[in-house]
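Model the full structure from these sequences, guided by the hints.
Heads up: the protein sequence lines correspond to chains A and B, in order.
Under this note's numbering, residue 323 is the last one in the first sequence; the count climbs by one each step, no gaps.
Under this note's numbering, residue 1343 is the last one in the second sequence; the count climbs by one each step, no gaps.
Treat the hints loosely; a few may be bogus.
Unchecked claim - Examples of chain B residues toward chain A, derived with CB under 7 Å:
#1 1036
#2 1063
#3 1097
I should point out that these hints are in silico values taken from the structure, not numbers from a laboratory.
Quick caveat: nothing in here was measured; it's all calculated off a predicted structure.
The beta carbon of each residue, even a glycine, is placed where N, CA and C say it ideally should be.
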Amino acid sequence: MTRRESLTWGVFGGLLVILYLLSSTDLIIKEKKVEIYPVSVVIGDVTDDYYVNFRKGVDQAADEYNVDVSFITLYEEDDPEEQMDLVRREIDDGARAVILEPLDSVYAMQMMDGIAYGSPIIILGGILPSEQVMGAVTTDKQESGRKLADAIMEENTPDIPVYVFARTVQYGSTGEMYRGLADCLTENGYTVVLCEKSGTDTYRKVIEGTVYPGNGRAVVAALDPFSTAEAAEIISKSPVYGNYISGLYGVGTLPSVLDQMDKGIIRGMIVSNEFEMGYLCVQKAVEAIEKSGKREQIILDSYYIEREALRDQAYEKILYPID
Amino acid sequence: MKKRYVLEVTAAALILAAAGFWYLGREERLPQEKQSLRIGVALYRGDDPFINNIRSKLEEKAKEYEKATGIKIVLEVEDSKDNQNTQNSQVDRFLSLGYDAICVNMVDRSVASYVINKAMDADIPVVFFNREPVEEDMNRWERLYYVGEDAKESAVLQGNILVEAYKEDEGSLDLNGDGKVSYVLLEGESSHQDSLIRTEWSVQTLKDGGVPLERLTGGIANWDRSQASALMEQWEEQFGDSIEVVICNNDEMALGAADALERAGNTRAVKIVGIDGTPQGIEGLKAGKIYGTVQCDSEEYAEVIFETAVAEALGQNVQEKIEFQNGKYYQCRQVALTADTLP
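Below you can see the structure in the form of structure tokens.
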């Protein structure tokens, strides 16, 4: 073999080595490492059944921002202490941020004042004055309550009492909505009867009561998706109740509830863009992790809709987001 | 003397070092106690009531387990919306995020090899349920399991509901008294392993029970209430009062048939039977919409799926906890129900 041949073979060999290094190792071309952020969403319910559209938004943002989401539900209903324990557990378990829908904002604040959780918290609801809270996404609940009151007043008269169904109005966003609704109705001479759920048949008994002699017609305003779904089911399954309930008004974008509105069981509902809420919560969480965004509260609009709006393009995206 | 001393010290140092390395290696080999587990669940369709019921039970089991053991369970449930490609992506995501186990309700049971290949590469166990992969696929790895129900047993129990009704009172099935029981049949997807078996054995049980049968027609309604309702509406127009029995492969289709008869104003005591015993099916039974169903023990169903996934994820011996047939298959208990035998 001549010297020239040896040199050529040597060059080929070298080329092969370089090609190997280029294609099979990251010695020359560094592969971009994607960091995945673990984020936990701690909701204020024992099931995620009423968070369908919200979850779609969360999942969409999780895909776009490389977030690994853990969706955490409570063991027991209305247990703020357990909820904050779960927040701590999630952060101890490696969550880089937590999206929290506080059951009791006051209690959540107390806990945040006493404990440094170590990861930023994004609130699904009104922002809390804590350094650990790096953002919030919400709708104006009092305004939603007032919108619902306006709709009720437009179609009913003050002589018909308004039964308000809610799991609890002691704290949380339902409480704010109740204050907006009740203030507006009572100012205009309406009688507001609060019916907080205390047992499995609380709502059934109230609706049944309207049928008894001496009692007249009534309006039902349900302030959370769970109460709306239950009230609609009770009324839809009876051939009688519908005659005594002047109108059922509710909240939420749950497909089964929208179906009940389509059937005419629910007169009207307050809805908001839950998909966007979910999306924005994750986006704010990523910003907080990367320390790139500012601390802010994002307030989304809420809308009062009736049956006709179900097929209105303007509401289609809000009510039936594509995942 | 000095040389020997140096050798002895060196040997002792080597032994000590070896022992140290062995001990350190042993520490690494000891299984670390896991404080949290991530289990991915991929459903073929989240709006199927039977599957949705299993999903709810799985979530309950996860919470109960968390409470009892203190081990956090992250149960991520994904709906494939009847699309195998979507399901494949969901499984990819579970695997790339390092889930400890996955539970898969295949959209298309004949293409489970994709999921199996990926899971084997990632060394993550798979518990299939409701839609059984083909045997060749199931035999490819020891960390694959299937939880379902015995389709033949469901069908025999369903058939016996009608046989008993006939024995008690022939007129309860033979409504027009022509000596024949005329039936229509609503079947599930043709690709589902249970569909054909349920159909075959339900009819066979009726024949074996001495019921004189006449098949009017049958059709595939894909387990779906509205599709069943549409088919039944056509048949109601076509056969009218000749229809005496409606045999359905599941409760949803049975409810769909009942909806169609109700819409048509048919008040004859047409006997409709389903399978699954979903909450909606039981409601239908109570309301008299359907005559009978075969209830699968959904508690047991979910428990076996969950326990298998957890045991595998924790590196425990699954066979010691659950008795699988051939080390892979588990069939849940079933019971026949009518309005009279409801618990």
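Under 7 Å, Cβ to Cβ, is where residue 1097 (chain B) needs to be relative to chain A, so tell me if that hint holds or is violated.
holds, 6 Å
Identify whether the interface hint at residue 1063 (chain B) stands, where standing means a beta carbon of chain A within less than 7 Å of its own.
Since chain A brings a Cβ to about 6 Å from residue 1063 (chain B), closer than 7 Å, the hint holds.
Does the CB of residue 1036 (chain B) sit less than 7 Å away from some CB of chain A?
Cβ of residue 1036 (chain B) sits 6 Å from chain A, so the hint holds.
Of the hints listed earlier, there is not a single one the structure fails to meet.
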